[in-house]
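Participant: Quick one: dock chain against chain with the hints and give me the complex.
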Amino acid sequence: MTPSTRTPSSEADNDYNLNVMNDTVLEVSGLKTWFYTRRGIVKAVNGVDFALKKGECLCLVGESGCGKSVTALSILRLFDSPPGKIVEGRVLYGGVDLATCPTAYLRQVRGKDIAMVFQNAQSALNPVFTVGDQILEQINTHGGLSHSEAVSKAKSLLEEMRIPEAERALRMYPHQMSGGMKQRAMIAMSLSCDPTILIADEPTTAVDVTIRAQIISILHELKARRNMSIIFITHDLSLVSEIGDRAAVVYAGKVVEVAPVETILKKPAHPYTVGLISCLPDISTDAERLPSIPGSAPNPIDVPAGCPFHPRCPKVMDICRTVEPEFCQLSPVQATACHLYDTGVKG
Amino acid sequence: MTEATKAPRRISSGFNSRLAGYYWERLKKNRLSLVGLGFIALLALLGIFGPLFAQDPQHTDFNVKNLPPLGFSIQESIYDIKTDSFTTTTLPGRPDHPLGTDSKGRDMLAMLISGSRISLLVGLLATGIAIFLGTLIGVLAAYAGGWVDNVLMRFTDIMMTFPFFLLLVLIVFILGPSLTIIVAVIGLTGWTGAARLIRSEALSLRTRDFITASKALGASDSRVIFNHMIPNVISLVIIMATLSIPGVIMAEAALSFIGMGDPMSTSWGTILNTGQHTMDTAWWVAVEPGIMLFLTVLSFNFLGDGLRDAFDPHSII
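Each protein sequence line maps, in turn, to chains A and B. Everything in the first sequence is counted per my numbering, starting at 1 for the first residue and increasing by one. Everything in the second sequence is counted per my numbering, starting at 1 for the first residue and increasing by one.
If we strip away everything but chain B, and leave its shape as in the complex, we get (with noise of 0.2 Å):
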C-alpha cells in the first residue's frame, strides 16, 4: 500500500490534456449529450448559487398561497355573506412568484433550487461511494481469482437480492431520516452492478502482458492494482457513474415523496408529495418537480449515452 500510495512523480501531468481534448471533441459530435451536460452543468450552477438569490423555501406566507406560475392564472371563488353569492376572481401568477406558490405560500422556484441542489448532493455523493466501492471490489475480485473472487461475488449476489428501495426504507425507518444516512445507504447497497461490471472488465485486462511484464519487472499487488489496472477501468468506471446517478436521484425523490425523506431539508421528492394533494386545484407543485426530475434523469443518460460513445475506440462517430 505504501508503494502505490507513494505516487510516482510522472514526465507527463497524471491529467493527459490531449487525450482528454480527444474525448471531448468526440462527445462533442453527439449534440444530445452536450444538451444534457448544459442542463446539468445549468443545475449545479442553480444549485450552488441559486440559494444566495431565491427567497427562503421554508418561509410560508399563508396570504400568497395556491400562486400560479408567472403567465398562468386561476379562478377563485369566494363565497360573500353578505349578498349571499359567489363572487369569482381571476388570480394571475405574480412576478415576485414567477413559478408560483405552494399551498403553504412557500415559493416555488426556491424550493425547486433547494430541490436541485439536495438532488445533485445526493446522487454524486451516494453515486461516488458506489462507484468507488464497485471499482474496488470489482478490481479486487478479478485481480485476486480464486476464494478472494469467490467470496467477494458471492456477498455482491447476496447484497443484490436484497429489494433495495425495501431496504432503503427499512435503514431509514430505524436510523432516522437524515440526508447523511439516504446518501450512506445508497452509497453502500448500490455498488453491486459496478462491482460485476468491473470485474468482469478486469478480468480481461488480469490476463493481458503489460500486467504480468509489470508484475515480471517487481511491482507489487497494490502497485499493480492501483497503478495498471484502475487506470485502465477507469473511463468505464465514469459511464457507469454518469448511467447511475439518474438512478439515484430517483431513488432520493421516491423516499422523500413517500414521507422518508431528510425533514429539514425541500428536495423535489418532498416538494411532489405536498403537491400531490393539490393536484385538482395547484397542478403546479407538482408538474415543477416533475418536470426537474425528467429533464435531470434524462440529461444524465443523454450524458451517460455521449460519454459511452466517446469513450468506445470502435464506435464511429
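Chain A extracted, bound-state conformation (with noise of 0.2 Å):
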C-alpha cells in the first residue's frame, strides 16, 4: 500500500489493511525533533507518541511554543534543516517510516496522502499567481488530468468550499480575496489530490468568528463525505470540544495526555490538562479572577529533569523531579504521563 501505487482498485486491500492496522493510518511514535542553535540544542519535539485513525479528527492541543507546530512539521519533513533534525522516532505512515525515507518519496505522499494548511493563509498563498493557477499547480503535481478536467476540479474544490462564484474566485489574486476566502481556498488547495490525512495548523486564528465557525462545518463535512484523517492543531479548548473526536494534549514537546475529547474536558487525568481546563472561563461562576497555571512553559533548550511539568505541577512527588514518567494506559481509550498514575506509586 505504497502511496505511490495506490489504484482504485486496491481499495478492498486498503480497507483490509486498515482492519489489521486497527485502522490506524498513521502512528507518530517516540518523535524527537531537535534544533542545533548557537544557543544550544532546541527540544522543539521530544519525544511525542500519536496514532491517527482513519476518518477521526485528533486535535493536538498545548500552549504556545509547546512543539505542536513542529511536530506537524516534523511529520512531512518540513523544518528547516539544519538547524532542524528528527533525531529520535518513527512517523509510520502506509508501513513507511517518513522521519527516514529519501526525499522522493518523502514529495509523493506530500500533498497527495498528507496535507497541511497553514494558519496564515494570507501568506500561504503565493501573492504573485491567481489562486485559480496555484491550486492547477497542486492537480499538476501529482499529475494525471488534462487541463480542462483539471480546470473544472479546481472549480468543484472551491464550491465544496463554500466560495461563492466560484468561476470568478479562480481568476482572483489572493489580495483580492478577504481572509475567510483566502483560508478556505487554501484548504481547496491541498484538498486538491485528495489526500488521507490533513494537517490543520491552527487555521482558524487569522479568521473571525463567523469564518471560523465556517471553517469547523467545512472541516466536519471533510471527515464525513471523504472519511479524512484530521490531525487539527489548536491552544482553544473550546475549539477542541467543536471538532475533536480524540485530543492530545502537548507539553514540552511531550505528549502528556491521550483521551477522547469527552473525557480530556469532564475526567482530565494529568495535572497539567486539569491545569488547562480550569483556566477556561465558566459563565455560571461569578469569579473576579481567571484562574492559571503558575509558572511559565519551560525553555525548551533548558527541559527540566524527570517530568517537564515538575516544577508548575501542583501534585508534585520526588520522584517526578528525577524520574520521566511513562505512559500508562487509564483506561482502553485514555492514557497519561504521570507518576501519580504509575503502578505502585499510586496513592
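No lab work stands behind these hints: they were computed from the structure. All values derive from a computational prediction rather than experimental measurement. No residue lacks a Cβ here, since even glycine has one placed at the ideal position from N, Cα and C. There may be inaccurate statements among the hints.
Some chain A residues flagged as far from chain B (calculated, every beta-carbon gap over 12 Å) [said to hold, decoys possible]:
#1 K54
#2 R110
#3 Q119
#4 T141
#5 M186
#6 I243
#7 T263
#8 P291
#9 G306
Just so you have them, the derived chain A footprint on chain B, three or more residues with Cβ under 8 Å [as the list claims (entries may be wrong)]:
#10 209-219
#11 225-232
Facilitator: So, in C-alpha cells, the structure goes:
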C-alpha cells in the first residue's frame, strides 16, 4: 500500500490492511525533533507519540511554543534542516517511516496523501499568481488530469469550500480575497489531490468567529464525506470540543495525555490537563480572576529533568523531579504520562 | 528540472495585463522616467532601422574631412604659395553630413547610429547574462542555505575583489577584441551585485509560508525555485537590469576609448577615441558621442528609478 502505487482497484486491500492495523493511518512514536542552534539544542519536539485513525479528528492541544507546530512540520519533514533534525522516533504511514524515507518518496506523500493547511492563509498563498493557478499547480504536481479536467476540478473544490462564484474566484489574486476566502481557498488547494490525512495548523486563528464556524463545519463535512483523518492543531480548548474526536495534550515537546475529547474535558487525568481545563472561563461562576497555571512553559533548550511539568505541578512528588514518567493506560481510550497513575506509586 | 520546465498551463495567461497596466499607470506619473523611456525607444529605433538609411560609417572621404555639424562653421586658413599669404575661408556645415565628419571624412551621424546599435546590444546582452546568472545564483544560495549558500557567496565575494575593468582589459588583451568576448566577459563578471541583492530578497521569501505550503503539497525544489521564488523577485530583477545597463554601456565605451574595443565596429567609445586628438580643431567628434553616452546613461537611470518607485508598493506616487 505505497502511496505512489495506490489505485482505485486496491481499495479493498486498503480496507483490509487498515482493519488489521486497527484503523490506524498514521502512527507517530517517540518522535524527537531537535534544533541545533548557537544557544544550544532546542528540543522542540521531545518524544511525541500518537496514532491517527481513519476518519477521526485528532487535536494537538498545548500552549504556544510547546511543539505542536513543529510536530506537524516533522510529520512531513518541512522544518529547516539544518538546524532542525529528527533525532529519534518514527512516523509510520502506509508501512513506511516518513522520518527516514528518501526525500523523493516523501514528496510523493506530501499533498497526495498528507496535506497541510497553514495558520495564515494571507502568507500561505503566493501573491503573484491567481488562486486558480495555484490550485491547478497542485493538481498538476501529482499529475494525471488534462487542463480542462483540472480546471473543473479546481472549480468544484472551491464550490465544496462554499466559495461563492467559484469561476470568478479562480481568477482572483490572493489580495483580492477576504481572509476567510483565502483560508478556504487554501484548504481547497490542499485537498486538490484528495489526501487521506489533512494537517491543519491553527487554521482558524487568523479569521473571525463567523469564518471560524464555517471552516469548522467544512472540516466536519470533509471528515464525514471523504472519511478523511484530520490532525487539528490548536491552543483553544473550546475549538477542541467543537471539532475533535480525540485530543493529545502536548507539553514541552511531549504528549502528556491522550484521550477522547469528552474524557479530556470531563475527566482529565494529567495535572497539566487539569490545569488547562480549569483555566477555561466558566460562565456559571462569578469569579473575579480567571485561574491560571503558575509559572511559565519551560525553555525548550533547558527542559527540567524528570517530568517536564514538575516545577509547575500542584501534585509534585519526589520521583517527578528525577524520573521521567512512562505512559500508563488508564482506560482502553485514555493514557497519560504521570507518576500519579504509575502502578505502585499511586496513592 | 523536468517538472519545472514542463510549465503548467495557467488559467490566466502568464502575462498579467491588468497588473502590467497598473505598473504602467504608476510609471507614467514619473515624467523623467517617461522621458528616459522615450529616449531609449528612439535610440533603439535608430539602432535597428538607422543603418538602412544612413551612410556607411566606415566610408572615408578626405575631401570632406573635419566638416562641422549643420549650423556651425569653422575658419580654415590655407597657405597660398603664389601670393605667400594665408587665405581664410569659412567652412560651413553641409546638409549631407548633418552632424559633421571626423578627421577621415567619415559621417558622424552614421557613426553615432552604428554606435547606438553597439551600445544597446552590448548593454542589453551583457546585462541579460549578468542578471540571469545573478538571479540564479542568488535564489539558489538563499534557497539551499547551508554550505551551498556559503560556497556561492564566498565565490561572489572573490569575484567582487577583482578590479572589474582591469580584468576586462586583461581578458580582451589575451583573447583578442571582439564584441562577443566583450559581452561574455562583462556578463560573466557583472553578476555579483545582482546575486547579493537577489539573495537577500530570496532569503526573506524563503521563510514565507507559501514556500513551505507549496513544499507541503509536494512541490519539488526546482518547482519551488522556478514557480514560486523567481516570479516573486522578478520586479527586483527588472529594476536591477535597468540600473546596471548604463554601467555596461560605459564599460564598453571605456574599453573602446582606450583602443581595446572591437576594431570591426564603430562604437561611441571608438569615436571618442578618434575625437580626442582633434579636440582643438574638430570638437564635435568628441562632443557628439559624449552627449549620446550622457543622455543614454541618464535615460536608463531615470527609467530605473521610475521602475523602482512603480514596483515598490510602499512608495506613494
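Participant: Evaluate each hint against the coordinates.
Facilitator: Going through the hints against the structure:
1. Under the 12 Å C-beta cut-off, the non-interface status given to A:K54 relative to chain B holds; the minimum distance is some 21 Å.
2. Here A:R110 does not stay apart from chain B, with its beta-carbon only about 4 Å from theirs, under the 12 Å limit.
3. Interface exclusion of A:Q119 from chain B breaks down, the closest Cβ pair being 8 Å apart, not more than 12 Å.
4. Residue-level check failed: A:T141 sits 5 Å from the nearest beta carbon of chain B, not beyond 12 Å.
5. Non-interface call for A:M186 relative to chain B: violated, since the shortest CB-CB distance, roughly 7 Å, does not exceed 12 Å.
6. Every beta carbon of chain B lies more than 12 Å from that of A:I243, the smallest distance being close to 20 Å; the non-interface claim holds.
7. Listed as a non-interface residue, A:T263 keeps its Cβ farther than 12 Å from every Cβ of chain B; the least gap is roughly 31 Å.
8. Every C-beta of chain B lies more than 12 Å from that of A:P291, the closest at about 35 Å, which supports listing it as non-interface.
9. Non-interface status of A:G306 relative to chain B is upheld: no Cβ of that chain comes within 12 Å, the nearest being about 35 Å off.
10. Counting residues of the region 209-219 of chain B whose beta carbon lies closer than 8 Å to any beta carbon of chain A gives 10, which meets the minimum of three for the stated coverage.
11. Note: the region 225-232 of chain B has 4 residues with beta-carbon separation from chain A under 8 Å; the three-residue rule is met and the coverage holds.
Checked against the numbered hints above, the structure violates hints 2, 3, 4, 5; every other hint is satisfied.
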